[in-house]
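Novice: Please model the complete structure; the sequences and the hints are all you need to start from.
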Amino acid sequence: MSSERATADQWLPGDVTPVDLERLLWALVALSLVADVVTTFVGLNVGLAESNPAARGAIESYGVVGMLGLKAFAVGVALACRPLLERAYRPIVPAGLAVPWLAAAVLNVYTISTVV
Numbered sequence: 001m002s003s004e005r006a007t008a009d010q011w012l013p014g015d016v017t018p019v020d021l022e023r024l025l026w027a028l029v030a031l032s033l034v035a036d037v038v039t040t041f042v043g044l045n046v047g048l049a050e051s052n053p054a055a056r057g058a059i060e061s062y063g064v065v066g067m068l069g070l071k072a073f074a075v076g077v078a079l080a081c082r083p084l085l086e087r088a089y090r091p092i093v094p095a096g097l098a099v100p101w102l103a104a105a106v107l108n109v110y111t112i113s114t115v116v
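When you number the sequence shown by the UniProt record's numbering, it's gap-free, plus one each residue, and the end is 116.
Calculated from the structure, these hints are not laboratory results. The beta carbon of each residue, even a glycine, is placed where N, CA and C say it ideally should be. Honestly, I wouldn't trust all of these hints.
Simulated restraints, written as ranges between beta carbons of each label pair [unchecked claim]:
| # | residue 1 | residue 2 | range |
| --- | --- | --- | --- |
| 1 | 60 | 17 | 42 to 52 Å |
| 2 | 56 | 96 | 18 to 28 Å |
| 3 | 54 | 80 | 15 to 25 Å |
| 4 | 111 | 15 | 20 to 30 Å |
| 5 | 56 | 27 | 26 to 36 Å |
| 6 | 47 | 87 | 45 to 55 Å |
| 7 | 57 | 17 | 16 to 26 Å |
| 8 | 19 | 76 | 35 to 45 Å |
Specialist: If you want it as structure tokens, here you go:
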């Protein structure tokens, strides 16, 4: 282990700054959130079922507002935790939201394609 503090400049390509990377990842969060919500409701409309128990309960109780509430809660927790990290590691916060939501959207598209 080195005693040097971590800097994102050590591993970012070219002129990309940690701020640029984080902005890009927050945009990806927004895109993946929309993709997950839209594909979830398309899937529900073609007869599929929500497999996440928390999301299923929110959707059954409050519909799309419940799903958006869950997403808003996740984004809120991420934003609250973000300042706890060193600046070089802050892009992991939006990545931690975007990656699973994008994976869910891709899985939703695949599952929808098998029944349509």
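Novice: Is it true that the C-beta distance of residue 57 to residue 17 lies inside 16 to 26 Å, as the hint says?
Specialist: violated (41 Å)
Novice: Between residue 56 and residue 96, does the C-beta distance stay in 18 to 28 Å?
Specialist: Once the Cβ atoms are compared, 22 Å apart, the range 18 to 28 Å for residue 96 and residue 56 holds.
Novice: Range first: 15 to 25 Å. Now tell me if the beta carbons of residue 54 and residue 80 are that far apart.
Specialist: holds (19 Å)
Novice: Looking only at beta-carbon atoms, does the pair residue 47, residue 87 fall within the given range of 45 to 55 Å?
Specialist: With a Cβ separation near 47 Å, residue 47 and residue 87 satisfy 45 to 55 Å, so the hint holds.
Novice: Please check whether residue 111 and residue 15 have a Cβ separation lying inside 20 to 30 Å.
Specialist: violated (40 Å)
Novice: Do the Cβ positions of residue 19 and residue 76 conform to the proposed distance bound of 35 to 45 Å?
Specialist: violated (21 Å)
Novice: A range of 42 to 52 Å was offered for this pair. Does it hold for the Cβ distance of residue 60 and residue 17?
Specialist: Distance hint for residue 60, residue 17 holds at roughly 44 Å.
Novice: Okay, residue 56 versus residue 27 on CB: inside 26 to 36 Å?
Specialist: The hint (26 to 36 Å, Cβ to Cβ) holds, given that residue 56 and residue 27 are roughly 28 Å apart.
Checked against the numbered hints above, the structure breaks hints 4, 7, 8 and satisfies the rest.
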